[in-house]
Amino acid sequence: MKAVKNERFMKVTTYLLLIAWAVFVVFPLYWMLTTSFKSKLDVFLGPKYIPWVDFRPIVQWWIRIFTVEREEVIRPLINSIIVASISSLLAVLLGTMAAYGLTRFKFKFGFFRNHDILVWIVSQRMMPPIVIVLALFLMFKVVNLLDTRVGMILIYTAFNLPIAVWMMRNFLSQIPISIEEAAMVDGASRSQIFFRVVLPLTLPSLAATFLLCFIFAWNEFLFALILTFDKASTMPILIASQHFQRGPQWWDISVMSTVAIAPVVIIALSLQRYFVKGLIPISK
Amino acid sequence: MFKKTRKSRLILVLCVSAVLLSALGISPALAEKRFEGVEITVFTQTPPFIAKPVQMFRADWEKETGGKVRLITAPWGELYPKMFSSFALGAKNYDIIIFPAAYLADFASNEFLAPLDTFLAADTRIDWLDILPVYREKISTYAGTIYAITMDGDSHMFYYRRDAIENPEHQAKFKAKYGYDLAPPKTWAEVRDVAEFFNGWDWDGDGRIEYGVVEGMRKGAQGFWTFFSRSAAYTSIPGQAQGLFFDPETMEPLINDPGHVQALEDWVEMIEFGVPGMINMDNGEVRSVYAAGEAALAIDWGDVGVISDTDPGSTVKGKVGYSILPGTTRAWDYVKKSWVDFPEVNHAPYLAFGGWIAGIDAKSDNVEAAYDFLSFLGSPENSYICVTTPETGFNPFRESHFEKLAGWYGYGFVNPEDYLGAIQATIAHSNVQPDIRIPGAFRYFEALDAQLAMALAGAKSAKQALDDAAKEWEAITEDLGKEKQLKNYRASLGLPIE
Amino acid sequence: MINIWSSFTGKKAGRAFVLPAVIILLLLTIFPFLFSLFLSFGKVSFLGGLQIHFAGLRNWLRLFNDERFYNALSNTVLIAVIAVAMEYVLGLGLVLLLNRGVKGSTFFRVLFFLPMMLTPIAVGYMWRMMFNPTRGPINHVLPLLGLPAAGWLTEPKIVLYSIILTDIWQWTPFMILILFAGLQSIPPALLEAAKVDGASGWRLFREIIFPLLIPASVAAILLRSIEVLKIVDKIYILTGGGPGIYSESMTLFGYNLGLRAFDLAYGATIAFSLFATVLVISIIFLLMTRRSQEISLE
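Protein chains in written order, with the working numbering: chain A, 13 to 296; chain B, 674 to 1171; chain C, 14 to 311.
Since the hints were derived computationally from the structure, they do not count as laboratory data. Some hints here could point you the wrong way.
A short, non-exhaustive set of chain A residues, derived as facing chain B with CB atoms under 8 Å [as the list claims (entries may be wrong)]:
1. Lys-52
2. Leu-57
3. Glu-83
4. Phe-149
5. Leu-150
6. Lys-153
7. Ala-195
8. Leu-237
9. Ser-253
Predicted model, so just to flag it, every value in this text is computed and none were measured. Each residue gets a CB set at the ideal place from its N, CA and C atoms; glycine is no exception.
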């Protein structure tokens, strides 16, 4: 009897705590979403909480981004989608290859062995963007990559490679080599083994790695701020641009932030079932 | 109104000439189009403000010349880095930049901008002499050469709520408390009293608490301009060379003299009488907050006036009074190192920021087309439309802008004479103080900005903060070359250079 | 496409796998890295094109005498230490709650991941709305609950904690993610066995679960620390580094001096000192947790 009571008590507290955190997580997002439906006056005379109760929701700002501001919004949105997805795919592909190489072969370049190469790759993540961004500006200018999607794809690939290598290495080192040896006995080449045997086995980890890379690339600000100025600018830049002489345009910022989070949520939901499974190896 | 008739007239003229020309068998493209196939890029702040005029007029210009205008924009804080990096690293990202006048000395002294004198001499459209002398001779000019076309007139002015100050009940209460009549404040001391008086109670009866004052104090925004607006009258003695920034004999920074310290102490005290969170507001927010009716007093460029009367969201339309910046009854004489008392109020209006001007990349491949577009954009007719259209962010800068009132009423102004009068009184004032115009202006601003922010946050005394800023200014001057900077500074003030 | 590698055998095949990543990183980070290092010992002028002159230790001496540097450094480290610690504790707590197998825990988990999908720029604006002293909900609700309103972004003593709060909001999900995966990897049999032995509640956690979570914890804490030490975008939007310089982080400091005031050489010096900081902190952390590092870089 006591145990049952205790269990129910535990259950109720569990729910209460989970709900408390959920409120903390959701309320700011709710605030942003409702602000995108508020008139300027309702923003300035706020705070207003519930549509139809203490303010009359309007769709003016949403209509505007599909009409007057369509051009301004569409390009950064498309840029973000292209740059983030291609760079994440590249980072995952090249990162997995590197991780595979590092776990299956022995290297020696002078003093550099596998472990040193791995440390070097992963330590690139510790380099703050501000260290390299200026020199990148100069480099990109010389090779005409300033303000191009190709340039941004390259830099985000490099920026995510350390994470991809590190995550995939942890996974690959746990796949028993016997599977590959069996394939090799059957006469498969290294590349066939990699693409036909190893990759399918690592699918959940690939998905999880891709998602993390995608989130980082999609949301990155400093590189985009300095290396793009027009044609290749991304969503975070567009959102930051909604603040000018007249102050932050809270309604536009809210609309665009909502637009910016949508694709990530969609991708995350569709990869959701791989997510946790894919991350298990790196946490071992 | 004005805009509409002008546009329809233009369309009519175009249609008629097109019909006539095609009737004669001449293609208009062949007859007139000077810049067929040329694309020029214009770089400025994210629309609407400042970029809107380009959007408004590019189609007309493209039709006239056959050229194309591409608009590239960035948020306010990113303009300087993006312009400077494009120039300094020779990236040629932009043909035209529309930029804050404070950057001119930096750009011109590094030979980033194309000189425009010869273009101007041959230009029949721009009517250069119609532009007010201070903009034409000082703000667009560096070392005697014109490097930019004036797009916008800018000076700080002072705003007060007429409905608050003219209310007899408030007047009686104010007199009882302070011992003198409530009126639009004439000195910074009176600003303090009026701000205190109107702070923290519902003086307009709308059921919400209002506050005394709103001024832009946010770090990394425009706060240092507000500071100089407050210190100008404490440090500028009529007839003496500018005492705001450096000693023109020695290049010693003056920003920590007793006049500046007094102004900063005044300013810090304002936080107490200001809208909550004022310390984190930039001027953009100042405008929104003032138009929402939350404060009695404000310091800003012409924009508070524009937004208060013309923005659909404004709750203070027609209730705003305008004046030249308040003054002082004493000022610090940096030569004699002593205070000077004035029997009358000493005003020293400050041309903070100096307005937006447009220049051309010296390395641009399309200098001629770029100049042609600027001349088109800045012509008397088009600039009048710009200064009287919402969301352009441009304020009047030509004689003719002040003469024609129709456009100002059409714009939504309730009392345009008062508004224009206050701007004219500022610009034409005998003791008017131009902004700092030497290379490295932004480094000086950035260093001062950080110290001002420390004082506003209460981390340092006003004196300490300004002493530290002065030290940093000296270091920057040393870094850029003291001799060179002194020459530049004297040139910017129009003093002889030995 | 796939057959590109078929000609490689043995060692060559190994290189073919590793080289693309190494080349990209070399191209995009080593040259810029060396250039910035060089810049930090130089003086830049622009008249007649970009020129860099050697200036010895000038920038570094300036840095070590700059009170703003120490301020930015201590702000950054303080944010990193508190935010990461809080995120870890909260993340661990929430993971244990999610793991109790109550109905709807998948729903909660997915919901909890939302904040890390929003760009930090938007997070900055969102919380600026929340923190607004007159129009924001926080200062409106607190007095109703009998608590004092505060100048969240304007009080020097509070502002860093407000920034930490937004970081906790956004990145606790990352801890949940990694720790949850770690928890999933514990064989259920092990837990069952421990329960049979009479371990429960606190003891089960302390003696079985927590030790097994150490690798995941080290990974999560290290990754988060590296990221948060580079913090800039949220602060850029929330306060611009103010009031005063009370919330200026290292990256923002480097950005303000290097790119806003366009003092490239000093900016590079600041950036390098940040890199050194990240490196030192990471190494210290890795050394401290060395014993429990099956994950790591071994």
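Problem set entry | Indices of hints not satisfied (ascending) | 3, 7
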